[in-house]
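Chemist: So the sequence lines, in the order shown, correspond to chains A and B.
Read in order, the letters of the first sequence correspond to residues 1 to 482 in full-length UniProt numbering.
Read in order, the letters of the second sequence correspond to residues 1 to 482 in full-length UniProt numbering.
Fair warning: there could be bad hints in the mix.
Derived, one-sided and incomplete: chain B residues facing chain A with beta-carbon distance under 7 Å [as the list claims (entries may be wrong)]:
#	residue
1	Ser64
2	Tyr67
3	Val68
4	Arg107
5	His137
6	His141
7	Thr344
8	Leu345
Computed footprint of chain A on chain B, listed as stretches where at least three residues anywhere in the stretch have a Cβ under 8 Å from a Cβ of chain A [to be verified]:
#	region
9	116 to 129
10	143 to 157
11	181 to 188
12	311 to 323
13	333 to 341
No more than 20 Å apart at the CA atoms, straight line, and that leaves these computed lysine to aspartate or glutamate pairs for DMTMM-like [unchecked claim]:
#	chain 1	residue 1	chain 2	residue 2
14	B	Lys108	B	Glu125
15	B	Lys245	B	Asp196
16	A	Lys27	A	Asp11
17	A	Lys108	A	Glu360
18	A	Lys108	A	Asp454
19	A	Lys108	B	Asp139
20	B	Lys108	B	Glu458
21	A	Lys108	B	Glu145
22	B	Lys108	A	Asp139
23	B	Lys108	A	Glu145
24	A	Lys108	A	Asp87
25	A	Lys108	A	Asp459
Bear in mind the hints are in silico, worked out from the structure with no lab data behind them.
Glycine is no exception: its CB is placed at the ideal position from the N, C-alpha and C atoms.
There are 2 protein chains.
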Amino acid sequence: MAVTRYQALADDIARAIREGLLQAGDKLPSVRDTCATRGVSPSTVFQAYYLLEARGLVQARPRSGYYVRALPASLPPEPDTSQPRGDSRPLAISERIFDILGSVRDRKVVPLGSAFPSASLFPLEQLGQAMAGYLRHLDPHDTVESLSPGYPRLRRQIALRYRAAGVPVTPDDVVITTGALEALNLCLHVTTRPGDAVIVESPTFYGALQALEQRGLKAVEVPTHPRQGIDLQALEAAIRRHSPKACWLMTQFQNPLGSLMSQTGKRDLVALLRRHQIPLIEDDVYGELYFGDSRPLPAKAYDTDGLVLHCASFSKCLAPGFRIGWAVAGRYARAVQRLKLATTLSASVPAQGSLAGYLERGGYDRHLRRLRATLAAQQERMLDAVARYFPPGTRVTRPQGGFFVWLEMPAPADALDLHRRALARGISVAPGPIFSAGGQFAHALRLNYGHPWDDRMEDAMRELGALAGRRRGAAPRAGASG
Amino acid sequence: MAVTRYQALADDIARAIREGLLQAGDKLPSVRDTCATRGVSPSTVFQAYYLLEARGLVQARPRSGYYVRALPASLPPEPDTSQPRGDSRPLAISERIFDILGSVRDRKVVPLGSAFPSASLFPLEQLGQAMAGYLRHLDPHDTVESLSPGYPRLRRQIALRYRAAGVPVTPDDVVITTGALEALNLCLHVTTRPGDAVIVESPTFYGALQALEQRGLKAVEVPTHPRQGIDLQALEAAIRRHSPKACWLMTQFQNPLGSLMSQTGKRDLVALLRRHQIPLIEDDVYGELYFGDSRPLPAKAYDTDGLVLHCASFSKCLAPGFRIGWAVAGRYARAVQRLKLATTLSASVPAQGSLAGYLERGGYDRHLRRLRATLAAQQERMLDAVARYFPPGTRVTRPQGGFFVWLEMPAPADALDLHRRALARGISVAPGPIFSAGGQFAHALRLNYGHPWDDRMEDAMRELGALAGRRRGAAPRAGASG
């Protein structure tokens with residue numbers, strides 16, 4: 001995305017703050033002065049200041065102006081590569097995951113443990129208009145047309161987005177599903193039989209663990225770096241040792257780590273799996289939520305053999321609750337399409353039709369640009385809060401996209417106990433052990449920054465930090481006002 | 001439903017036609033005369049005559065009046081109880097079913113083989129208004145609220161309908177699914193393990209056979225009567241022989257036979273299964289489409305042990321394509337809810353919300369009354385066409401609800417060959433072998449009367465009858481005009 005004038009100005013000022021040129025308590029130049037010195041319009045300056053405020057770098061004081069906030073000296077360090085046990089194991093974790101997830105549904109609870117971004121981030125009104133427009137001109141035959149593989153107009157729009165990103169996909173390659181979770185489950189079903197071993201990251205999305213458990217599969221957890229993603233050497237060793245029948249990986253903004261494999265990494269991953277003829281189920285539901293300049297290419301882009309089953313959805317980036325996802329399943333596409341037909345027949349037709357209409361009309365990319373900027377700003381606020389309120393020795397990821405950070409507390413720490421104590425105070429967290437087949441990560445939390453940052457969030461982070469261990473001295477507290 | 005004045009008048013005239021009091025070519029009395037002799041309003045007479053016309057008993061001649069149509073001497077006899085082989089068998093039929101079903105999607109094909117009723121039968125405009133209304137007042141938290149078990153307002157409406165029908169169900173018993181097919185698959189999953197035997201009717205819904213095949217189960221087909229449903233003596237013998245882990249039955253307007261078990265039969269069925277502690281997956285998607293005076297009670301009404309998993313949807317009676325179904329799964333409810341959460345998370349939220357709004361506003365029962373009357377009239381047209389055009393020795397069911405008849409052709413007959421030849425002429429049928437694990441019913445067809453009866457349907461039935469065997473003489477042809 002092109003950087004606008006106000007973003008450039010905001011980035012400039014942010015750099016000055018990070019470099020200490022502007023310090024806590026300093027007043028930003030007035031809008032009028034900045035217009036004069038920079039040669040920009042007042043609106044550009046206002047937007048830049050708003051953006052800096054959203055990022056938590058400055059704060060407005062009524063009838064006075066914008067002031068630089070006190071920043072923590074530095075962000076906490078990032079976690080190390082994970083070290084799973086290396087065995088393959090059948091799963092018995094689903095019930096615990098359900099119990100924990102069920103406890104965080106209450107709307108009165110601060111949703112730091114939620115798996116969903118705030119619905120306020122999405123263009124619900126435009127989606128409503130698209131739905132109304134679709135239903136006004138509903139062709140009764142659409143019900144039949146929308147049966148798996150899905151509504152042709154929507155499959156075309158999805159294929160167009162792949163092409164725009166540089167991945168050659170045709171509408172015929174796309175199977176529409178009830179959210180990405182169904183796509184992933186279908187892909188797992190067509191590539192494995194009960195008893196098979198399947199490679200996952202460590203830590204991994206608990207939904208993958210539940211799917212493996214339902215299908216009677218064994219999980220092989222492979223070391224994963226919080227920035228680079230799965231360790232390819234460790235992956236190759238695990239393949240040789242366990243002869244897995246599939247890999248289920250999130251190459252981009254992995255849940256919960258937020259790791260993003262490099263393009264080279266993804267290409268090498270595909271090449272490695274091709275040599276062993278192992279299908280890759282690529283869960284790419286966060287791919288649109290990048291904070292960099294352009295959409296990173298998924299591993300699917302390097303797939304020449306039809307061995308990559310790419311799964312995604314609109315649930316995290318456009319229309320939560322519509323339950324529209326899809327699979328581009330390469331050589332397994334027909335099997336996925338037919339299994340979908342035999343198990344749930346089709347995804348909701350009004351949801352398919354209205355999303356097709358919304359995408360055809362344009363405006364999706366504009367929405368995404370806004371959404372990415374919002375999430376990036378909210379991540380800064382959350383990292384800032386971690387630095388302020390969590391005990392020394394805390395480590396936290398700095399993902400380049402998505403809406404989760406992964407936080408490791410200094411030992412001794414008990415994330416399940418923290419989860420219970422936080423919930424009693426009206427705050428949810430996602431405790432580390434639900435992201436592991438073997439109950440690892442007792443010291444870790446996944447935190448969600450996909451909700452508007454407000455005093456409630458700030459207070460919840462302060463309380464979490466206190467629960468997590470000894471509080472730091474008075475210095476962070478002073479900086480926390482605002 | 002109470003019989004209205006015009007229905008009573010139409011029934012009276014229909015009886016006179018059936019009994020030969022009024023004969024082919026006779027003119028019905030003028031509206032004015034009938035008003036005078038019956039003491040009813042002109043509108044009542046007009047509605048009665050329209051209804052008789054819809055049933056195919058009379059036809060209007062422009063500027064002349066209504067005349068009795070030529071009727072076949074009598075309807076063909078009904079089929080006998082089925083005689084499956086009695087073994088239990090793993091399945092390998094899914095691919096054939098897919099091939100045949102895929103071929104009937106074309107909108108130019110006359111949809112006698114379709115599994116769906118015409119979308120023109122449904123209140124699409126009111127549903128669109130309900131959807132728009134829901135989206136205008138969307139609560140962002142609904143996405144979380146609608147996670148399995150599903151949107152509370154919709155679960156409440158569904159529970160209320162059970163209660164109105166005399167089945168004590170609470171909102172907490174209901175799990176919303178992506179159509180009944182998902183509900184059925186979830187119920188099958190939580191009651192069985194791969195390799196188990198499962199009881200089905202003979203013939204049975206091909207979706208059940210596909211679900212069994214996907215899950216690696218063995219099918220035990222039990223003799224089923226075209227009016228009374230599954231034979232309980234044969235069922236008990238099959239239970240003793242095969243120790244099945246579940247029964248998947250359609251007790252009401254079974255697909256494809258249209259059979260309706262009596263209330264005694266359903267009560268005895270539940271008692272029998274309770275003695276053997278075998279769960280009953282009751283597929284009741286056609287239950288609302290009864291032609292009698294009131295909704296027949298499903299087997300679930302006699303369930304005291306939580307062993308009946310009742311599955312239904314709005315797809316056949318209100319909102320095709322919305323993909324909203326549900327399970328009331330007794331002692332398995334929690335397992336179904338969690339499996340749903342782990343595989344597809346939730347059904348489409350706008351679809352759940354708008355159906356809740358539609359049901360709350362009222363009007364559903366009015367729609368259903370109209371729909372049932374339309375389907376009953378269309379069944380008469382179809383049976384009439386079977387009598388006219390199909391060869392002697394043809395047998396056909398006369399279901400008391402739903403929108404399918406099951407037709408058995410005299411030997412030698414090859415339904416798969418007929419399917420291919422009919423399709424080449426732009427007509428679809430559902431050939432008997434897709435309703436059997438063992439490829440039985442080579443002489444049978446399922447025909448759909450859920451589409452408006454018009455010349456295209458009449459012509460298609462004439463062509464099918466000709467394909468099915470030697471044509472009868474000239475007499476039916478003369479009667480076919482109109």
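Chemist: Please go over all the hints and tell whether each is borne out by the structure.
Modeler: Taking the hints in turn, this is what the structure says about them:
The criterion of a C-beta within 7 Å of any C-beta in chain A is not met by serine 64/B, whose closest approach is roughly 34 Å, and the hint is violated. Interface hint at tyrosine 67/B: violated, since its Cβ lies 33 Å from the closest Cβ of chain A, which is beyond the 7 Å cut-off. Checking valine 68/B against chain A: minimum C-beta separation of about 33 Å lies over 7 Å; hint violated. A hinted interface residue such as arginine 107/B counts as satisfied when its beta carbon comes closer than 7 Å to some beta carbon of chain A; here the least separation is about 5 Å, so the hint holds.
For histidine 137/B, the shortest C-beta to C-beta distance to chain A is roughly 10 Å, which exceeds 7 Å, and the interface hint is violated. About 5 Å separates the beta-carbon of histidine 141/B from the nearest beta-carbon of chain A, less than 7 Å, and the hint is met. A distance limit of 7 Å between C-beta atoms decides the matter here; for threonine 344/B the minimum to chain A is near 4 Å, and the interface restraint holds. The beta carbon of leucine 345/B comes within 5 Å of a beta carbon in chain A, closer than 7 Å, and the hint placing it at the interface holds.
Counting residues of the region 116 to 129 of chain B whose CB lies closer than 8 Å to any CB of chain A gives 7, so the stated coverage by that chain holds, three being the minimum. Check result for the region 143 to 157 of chain B against chain A: holds, 5 residues qualifying (beta carbon to beta carbon below 8 Å, three or more required). Closer than 8 Å: that is the beta-carbon criterion, and the region 181 to 188 of chain B has 3 residues meeting it against chain A, so the requirement of 3 holds. A stretch counts as covered by a chain when three or more of its residues have a beta carbon under 8 Å from one of that chain; for the region 311 to 323 of chain B and chain A the count is 4, and the coverage holds.
Coverage of the region 333 to 341 of chain B by chain A holds. Counting CB-CB distances below 8 Å, 3 residues qualify, and the rule asks for three or more. Only pairs whose Cα atoms come within 20 Å are accepted, and lysine 108/B paired with glutamate 125/B is rejected, the gap being roughly 24 Å. With a C-alpha separation of about 6 Å, the suggested pair lysine 245/B and aspartate 196/B falls inside the 20 Å cut-off, and the hint holds. Of the supplied pair hints, the one linking lysine 27/A and aspartate 11/A holds, its CA atoms being roughly 17 Å apart against a limit of 20 Å.
About 37 Å separates the Cα atoms of lysine 108/A and glutamate 360/A, which puts this hinted pair outside 20 Å; it is violated. For the hint pairing lysine 108/A with aspartate 454/A, the CA-to-CA distance comes to about 15 Å; that is within 20 Å, so the pair holds. With a C-alpha separation of about 14 Å, the suggested pair lysine 108/A and aspartate 139/B falls inside the 20 Å cut-off, and the hint holds. Note on lysine 108/B and glutamate 458/B: the hinted pairing holds, with a Cα-Cα distance of about 16 Å set against a maximum of 20 Å.
For the hint pairing lysine 108/A with glutamate 145/B, the CA-to-CA distance comes to about 13 Å; that is within 20 Å, so the pair holds. Restraint check for lysine 108/B and aspartate 139/A: satisfied, since their Cα atoms lie roughly 14 Å apart, inside the 20 Å limit. At most 20 Å may separate the alpha-carbon atoms for a hinted pair to count; lysine 108/B and glutamate 145/A meet this at roughly 13 Å. With a C-alpha separation of about 40 Å, the suggested pairing of lysine 108/A with aspartate 87/A is violated against the 20 Å cut-off.
Proposed proximity of lysine 108/A and aspartate 459/A is supported: the alpha carbons are some 14 Å apart, at most 20 Å.
In this structure, the earlier hints numbered 1, 2, 3, 5, 14, 17 and 24 are contradicted, and the remaining ones agree with it.
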